[in-house]
Amino acid sequence: MSIIDIACEESRTRGDARVIAVHLKIGRMSGVVSEALLSAFELAREDTLLAAAELKIEDMPVRVHCPQCGCEQLADSIQCLCCSVCGTLSPEITQGCELEVVAMELEPMEVV
Amino acid sequence: MSNHSAANPTRLVQVRTKILKQNDVAARRLRQRFRDHNVFVVSLVSSPGSGKTMFLEQTLASMRQRGHRVAALVGDLATENDAARLARAEVPVRQITTGTVCHLEAEMVENALDGWTLEELDYLFIENVGNLVCPATYDLGESLRLVLFSTTEGEDKPLKYPTIFNTADIAVITKMDLAEVVEFDAVTAHKHIHAVRPGMDILEVSAKSGTQMERWFHRLETQRNASMTDPT
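From first to last, the protein sequence lines stand for chains F and S.
Per our numbering, residue 10 is the first one in the first sequence, and the count goes up by one each step.
Per our numbering, residue 1359 is the first one in the second sequence, and the count goes up by one each step.
Hints are computed from structural coordinates only; laboratory data are not their basis.
Everything numeric in this text was worked out from a predicted model, so none of it was measured.
Worth double-checking, as some hints may not be accurate.
With a cut-off of at most 16 Å between alpha-carbon atoms, the simulated EDC-like pairs for lysine to aspartate or glutamate come out as follows [as the list claims (entries may be wrong)]:
1. F/K34 x F/E44
2. S/K1376 x F/E18
3. S/K1376 x F/E67
Computed far set for chain S versus chain F, every beta-carbon distance over 12 Å [said to hold, decoys possible]:
4. N1439
5. A1445
6. T1455
7. L1471
8. Y1496
9. A1537
10. Q1570
11. R1573
All C-beta atoms, glycine included, are put in the ideal place defined by N, C-alpha and C.
Same shape as in the complex, but just chain S (with noise of 0.2 Å):
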């Protein structure tokens, strides 16, 4: 260990640099190209098994039908298996192995996107590998991030991971057409969401019947016309 004698006097220094400051340059760096580009850019995070890819392949196919130029991003250790369900959608998937890291970093995003035209997109989506814990603290540049966690994981998700639910924009309860199998409590499941992030939006909903899926999509089109005519 060190000599702390007079030659040698230790030094305090001030220092205050973010760690994760080079993911948040990155990050800043991908929302204004987006921003200048005019791309609303979503991204997603879950537990595994969520339904995070059959919510994302709805919203996929649905929004390139209601006129939309959509594309996504699909994150994941070490299969290509969403992506070529998400292509099933008929749009631009590209996936991006993770190997051993469990989230996607905002670099990784900007190699992701090398060789696409921005120009032609209206709506990216980043599907994050299904991890509750890690994604919370990078910042990918997206618009609004969503948080999903399905009827089937039990109504105190929020309270085991309150510091993803805090950093996402709207909780998506998932699989609502299982809600009364598996005896979902959504009174509870609201208010365990609210105690880690209050005023936090949330829509039910269920991809395999559609339930709730349409007030989604509007909600997406709103939220991409509020974002080109605001100034900020």
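Excised from the complex, chain F in its bound form (with noise of 0.2 Å):
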């Protein structure tokens, strides 16, 4: 799984700190449902250097850019791009597909 190949990685670089916690940013147009990747996670995690990490998901509505108002602004939702302000409808997203690791709390390994 991607999330644990990139977060073993980054740990690696850095001298196989412990991971204690990976923060991701999820879209709603993403795709991806958290619930699934959460319960994915419990599974995928194990016997790897991120066995007893916890992932922090933010959960990142649709934005569109509204040719009408001129500016971003939330969707109405993923079933409706349109403006949740002025109800144009706009193809333009700029906010709601992300799919990404953003950041990682890490712990040094215990020197015995």
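Combine the two chains into a complex, taking the hints into account.
What follows is the structure, encoded as structure tokens:
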């Protein structure tokens, strides 16, 4: 699983630090359901450097550039890409497709 | 769990890596290869049973008759039935059997192209596994992505799977020959498509009766020509 690969690589480059938490940004238009990701992660993290790590997910709502308002606005929903302020259909998504590891909480391994 | 002692301070480090970075890198590599060899690549996604294979079979046969060099890759979980059907169009077809994986990834496409000479192709079609969820997030290096749904599936498909409609370039409504029988409401379907992807192009076809298929072939030819002269 890529989240684990990314986190393990990052941990290795920082001297095999223990991973306490992985911070993610998951857009509502990314096609990923946070609940499903969390339960898959529970299984996938076993026997890796992330065995005790937590996923901290930031849910990113969909924002669009509204041609009518001339600025970025929240979209109504992922079923209706229209500006939540004036209702204009807005094809240009500015936020909500994210699927990113943004940060990690690391702790150095104890020296025995 | 962790000990947060003074000797072991927890550090927060910035990473900012896309989770599907590896796929994106492979897809970029593919896109460049296709571009270098002037191969116009079209991928097809839909739910199982929407008529992807029939649509593609007609497309392959007709494009070949129109003098184009075409080939197809077809993803399937377990069987090679679709590849066998597509091979009836007498063009090169390769199956990608994905096993338990419910979508194609860029590296699978790269591996499947092994031994094929891209210089000998004008168009390559990639039929994804029948699934409207997972294929949405995987770029395959294609120039054009089609999402297909049939009149028998109901008008609200786009609202149920907005992400895949949002990543596609053209929505193809298939089995138009059955529209009347199943009381398909085209106006509502268009409204739903445009709610999840404002301005999206829509084709209403019947691969069986041939409705609007000519328009689709013409569209393919126009877009390939445009992509070859596009400097970007």
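Right, here's what the structure says about each hint:
{"no.": "1", "hint": "F/K34 x F/E44", "verdict": "holds, 14 Å"}
{"no.": "2", "hint": "S/K1376 x F/E18", "verdict": "holds, 14 Å"}
{"no.": "3", "hint": "S/K1376 x F/E67", "verdict": "holds, 14 Å"}
{"no.": "4", "hint": "N1439", "verdict": "holds, 27 Å"}
{"no.": "5", "hint": "A1445", "verdict": "holds, 32 Å"}
{"no.": "6", "hint": "T1455", "verdict": "holds, 22 Å"}
{"no.": "7", "hint": "L1471", "verdict": "holds, 23 Å"}
{"no.": "8", "hint": "Y1496", "verdict": "violated, 10 Å"}
{"no.": "9", "hint": "A1537", "verdict": "holds, 23 Å"}
{"no.": "10", "hint": "Q1570", "verdict": "holds, 24 Å"}
{"no.": "11", "hint": "R1573", "verdict": "holds, 23 Å"}
In summary, the one numbered hint that this structure violates is 8.
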